[in-house]
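Build the full structure now, drawing on both the sequences and the hints.
The primary structure of each chain is shown beneath.
2 protein chains.
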Amino acid sequence: MTPYSDFDYRVEPFTEDVAGRISWGNLGNIMLRCASMHAGLHGFGYEDMIKGHHVWVLSRLVIDIDERPRSGEPFSIRTWVDKLYRQFTDRHFSVLRPDGSAYGHASSIWALIDTETRLPADLTQLPEGSFADILMPGTTPPIAPMARMRMKEPQLVATHKAAYCDLDINGHVNSIRYIELMLNRLDADAVRSLGVRRIEVAYCLEAYCHDELQIWTAADEANPARTLFEIRKTTGEVVVKAAFTLRA
Amino acid sequence: MTPYSDFDYRVEPFTEDVAGRISWGNLGNIMLRCASMHAGLHGFGYEDMIKGHHVWVLSRLVIDIDERPRSGEPFSIRTWVDKLYRQFTDRHFSVLRPDGSAYGHASSIWALIDTETRLPADLTQLPEGSFADILMPGTTPPIAPMARMRMKEPQLVATHKAAYCDLDINGHVNSIRYIELMLNRLDADAVRSLGVRRIEVAYCLEAYCHDELQIWTAADEANPARTLFEIRKTTGEVVVKAAFTLRA
Chain A
1 MTPYSDFDYR
11 VEPFTEDVAG
21 RISWGNLGNI
31 MLRCASMHAG
41 LHGFGYEDMI
51 KGHHVWVLSR
61 LVIDIDERPR
71 SGEPFSIRTW
81 VDKLYRQFTD
91 RHFSVLRPDG
101 SAYGHASSIW
111 ALIDTETRLP
121 ADLTQLPEGS
131 FADILMPGTT
141 PPIAPMARMR
151 MKEPQLVATH
161 KAAYCDLDIN
171 GHVNSIRYIE
181 LMLNRLDADA
191 VRSLGVRRIE
201 VAYCLEAYCH
211 DELQIWTAAD
221 EANPARTLFE
231 IRKTTGEVVV
241 KAAFTLRA
Chain B
249 MTPYSDFDYR
259 VEPFTEDVAG
269 RISWGNLGNI
279 MLRCASMHAG
289 LHGFGYEDMI
299 KGHHVWVLSR
309 LVIDIDERPR
319 SGEPFSIRTW
329 VDKLYRQFTD
339 RHFSVLRPDG
349 SAYGHASSIW
359 ALIDTETRLP
369 ADLTQLPEGS
379 FADILMPGTT
389 PPIAPMARMR
399 MKEPQLVATH
409 KAAYCDLDIN
419 GHVNSIRYIE
429 LMLNRLDADA
439 VRSLGVRRIE
449 VAYCLEAYCH
459 DELQIWTAAD
469 EANPARTLFE
479 IRKTTGEVVV
489 KAAFTLRA
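These protein sequences, in sequence, are chains A and B.
Under our numbering, residue 248 is the last one in the first sequence; the count climbs by one each step, no gaps.
Under our numbering, residue 496 is the last one in the second sequence; the count climbs by one each step, no gaps.
Hints may be right or wrong, so weigh each one.
Stated by the list, open to error - Straight line, CA to CA, 27 Å or less: simulated DSS-like cross-link-like pairs of lysine-lysine:
#, chain 1, residue 1, chain 2, residue 2
1, A, Lys233, A, Lys152
2, B, Lys331, B, Lys299
3, B, Lys409, A, Lys161
4, A, Lys161, A, Lys51
5, B, Lys481, B, Lys409
6, B, Lys481, B, Lys400
7, A, Lys83, A, Lys51
8, B, Lys409, A, Lys233
9, B, Lys481, A, Lys161
To be verified - Some chain B residues judged to face chain A by a derived CB distance under 10 Å, without partners named:
#, residue
10, Leu280
11, Glu295
12, Asn418
13, Leu434
The hints are simulated quantities; they were obtained by calculation from the structure and are not laboratory data.
Glycine included, C-beta positions come from ideal geometry on N, C-alpha and C.
Spelled out as C-alpha cells, the structure:
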C-alpha cells in the first residue's frame, strides 16, 4: 500500500456553486472524507480511534487553489501525512486533474483528542505500526503557510444559532460549515466573479447544537483581497479565526 | 439502456448527521444529482435543456424512508420517470440496499421552465425520442402521496438571508437547502432520537441571493408527529410549503 491515497470523484450535478464549479462546502467535506478514509486504511481512522475514546480534531486548514473543478469534470484528491509531533500531525492534500496536474493544494493540522478528558493524546506514544510507517517527510505542498490573522476594528456582521444540520457525527459543528458561514458574509458578486482563491482557518474551540455563533469580520490592511473573520460564542470565546482571499 | 438508472454510493465519513446516518442534506442532493444524471443519459439533462433556454425545476418532493444508510454502508439510488403530463413529469426514487431491499422511496414532480419567460414548456410537444421511450407507467413506489399542509396559527420561528452557499448553478436557493433550514427548526433531540421518517415539500416560488426568508411553523392538529412549515419572503409570498413527520 502506498503511504498516500488517491480518491476519485467527479463534479456531479447539484454539487456546484452558482459559478458551476464544485462548491467550497462539497470540496472541503470531500477533503475531510479523504483524510478519514486514508487514516482508516492505515488503522488509525474514526472507527479505530473511537474504540479508545479518541477522535481526530482539525486544528488548522489552509486551502489554496487556482480553480475548482467544473461541473462534470473528474478529479482526484491525494492525501498523505508528512510529520508527526507530540500533539499534532500535518496532513496534506492535492486536488488533481486526470493528467496529474494540480488544481491546488491544502495543508491541515490535526490533534487526537480524548473524548472524555478533552486532552490531546501524545502521538509519539501511539502503538507501533502503520502511522509512523506512512509518514512522507519533506513533502509539504507548494502553498504559503497560514498567515497572520489579527483583526483591527472587527464588525459583528451576522449571528447563527448552531442547529441539527450543522452537526457532524461527534455532535460538533462541522468544520466546513464554519467556512460556509463566513463565505456567506463576503460580497456575493465578488465571490461569484473573482472567486475565492485561498482559505485559512484556525479551529480554536468546538461549538455545539444551540450555540449562538457571532460572525465578526475586518479588512486585512496589508492585503485588500484578504478578509479576516472570527466566529465567537456569546461568551466572547473564539471558535474559529479565518482569512479568505479573493483571486486578484 | 434500461429506462431506469441505478447509481451506487457509499456513506463516506463527514456525510453523516449526528446520529451516524447519511444526512438529509446529502441524501436529498444525491437524489437530485441522480435525477439530473439519469435525464442526461437520455438526452434531456441540464446541458441538453439549457441550450434551448430551459431548466428543470422541482415542484414537489416526498421522501418516505424507514431508515437512512449508516456510515460506511453502500447504497444505490434507483430513479425513473413514470408519467408525462402537459406541464409536469413524475420522477421516482428508491434508496436500495445491496440486496435490493429498500431503505425507502421518494416521488417528485418537475416542470421544464423557460429561463427567459419563466413559463413551463409543454412536455408533450418536446422533440420525439428518448423521453417518451423511457416512461415506466404504473410504477409509483409504495409511499403515500403528499398530504394536506394547511397551517392553523403559524408562528414565525426564524429568518434566514439567502447567501452564496445556498445557491445552485441557476442562482436559485438549492431545493434541499430549504429542507435543512426547516429541519433545523424541529426539536433537535427528537430529530436525533426518533429521526425524521417523511418529508413533504411543495416548491412554490424561487428565492435568490439576499432574499430574506421567514420560516413559519405550526403543529399538524391531525397528527402530532407531523410539523408543518412555510418559508415566505418578506412580501408574504410563499416560497415553500412542507411537512416533516417524526418516526412514531
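Q | Structure versus earlier hints, numbers of those that do not hold, lowest first | A | 4
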